[in-house]
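Engineer: Listed below, chain by chain, are the residues.
Protein chains: 2
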Amino acid sequence: MSNISVKVKPLTAEAFEPYGDVIHTDGGYLEINQGTCKRFHDLASIDIDENAGRPILNIFSATPRPRPIAVKLLERHPLSSQAFFPLENKPYLVLVAAASEKIEVAALHAFLANGRQGVNYRRGVWHHPLLALDKETDFIVVDRGGDGENCNEFHFPEDINISIDY
Amino acid sequence: MSNISVKVKPLTAEAFEPYGDVIHTDGGYLEINQGTCKRFHDLASIDIDENAGRPILNIFSATPRPRPIAVKLLERHPLSSQAFFPLENKPYLVLVAAASEKIEVAALHAFLANGRQGVNYRRGVWHHPLLALDKETDFIVVDRGGDGENCNEFHFPEDINISIDY
Chain A
1 MSNISVKVKP LTAEAFEPYG DVIHTDGGYL EINQGTCKRF HDLASIDIDE
51 NAGRPILNIF SATPRPRPIA VKLLERHPLS SQAFFPLENK PYLVLVAAAS
101 EKIEVAALHA FLANGRQGVN YRRGVWHHPL LALDKETDFI VVDRGGDGEN
151 CNEFHFPEDI NISIDY
Chain B
1001 MSNISVKVKP LTAEAFEPYG DVIHTDGGYL EINQGTCKRF HDLASIDIDE
1051 NAGRPILNIF SATPRPRPIA VKLLERHPLS SQAFFPLENK PYLVLVAAAS
1101 EKIEVAALHA FLANGRQGVN YRRGVWHHPL LALDKETDFI VVDRGGDGEN
1151 CNEFHFPEDI NISIDY
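Heads up: the sequence lines are chains A and B, in that order.
Read left to right, the first sequence gives residues 1 to 166 (the working numbering).
Read left to right, the second sequence gives residues 1001 to 1166 (the working numbering).
Just so you know, the hints here were simulated from the structure itself, not pulled from any lab data.
Think of the CB as a built atom: it goes at the ideal place given N, C-alpha and C, for glycine as much as any other residue.
One or more of the hints may lead you astray.
Chain A side only, calculated, beta carbon under 10 Å to chain B, not exhaustive [stated by the list, open to error]:
# : residue
1 : R39
2 : D49
3 : F60
4 : F111
5 : Y166
Can you build the whole structure from these sequences, using the hints too?
Structural biologist: This is the structure we're talking about:
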């Protein structure tokens, strides 16, 4: 039995680039609506066309897990991206591994997102199901509707205990 | 000069049906992620395919206007729907008129959305630019990118003073 603890880094666009987009309002904007509104435009690469897919908008309501958070599996969406943005300014954790057939433990990376950051997982990128922290947290989610199997899971071997160091 | 005051009603899915979807979590959900997450699935009819459009995700940051709110114009998107969901649980106003070439004042309807309700304007539905209330309010916005002129404005005649009764 081996024990692995994944360290948590702050979420930045640069560090997250291999996995997708960080959705945020730190960048430039267009002024619209007679100067009453800032439009932070086109913040994520939404990729949903495969196999006649369509964009769908959802709300996910995630319950915090006991700490330390035990990592048993990751999932990926082979046909689409998947974007999340938290409501009510609540931080959360993100655990990812690059697109591949099998996940090596060394490929795991964990990030702490603040409540004003969303993430958009690129198609095929392995990611842990939502990791709310202190409270139930709701997220706006934009992903794909349509035919085809669009969720795979990877289960880690039972002789490895993986947890997130947070 | 005539003065028109538009009354504000609570936002409900039924009352808003002629204009689009109310995005909310009052309905049923799917249990996902090993029972740790509720998925409120496919909450809006996202309509962005026209003229090779693609879905885009944005954040709009809206400044409140002086009250009573003076209504000078409405806009519509002839090629797509447009969905809004407020961040940080802040209420806002919605002012709409059914899709048509010209807007009669009698066709205006105003709604108060609570901070846990979004709206998705159906293609062609006239709507006022964002109406934040007490504070600057950010919204996740899902609309369309791509070629084509996708915003028209209708300006009311200058001899009519329209305001929102709120």
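Engineer: A separate judgement is required for each hint: does it hold in the structure or not?
Structural biologist: Do the hints match the structure? See the list:
1. The beta carbon of R39 of chain A is positioned within 10 Å of a beta carbon in chain B (closest approach about 6 Å), and the interface hint is therefore held.
2. Restraint check, D49 of chain A versus chain B: the minimum CB separation of about 8 Å is within 10 Å; hint holds.
3. Interface hint at F60 of chain A: satisfied, since its Cβ lies 5 Å from the closest Cβ of chain B, which is below the 10 Å cut-off.
4. Look at F111 of chain A: its Cβ only gets to about 18 Å from chain B, farther than 10 Å, so that hint breaks.
5. For the restraint placing Y166 of chain A at the interface with chain B, the shortest Cβ-Cβ distance is roughly 17 Å, beyond the 10 Å limit, so the hint is violated.
Hint compliance for this structure: hints 4 and 5 are not met, and every other hint is.
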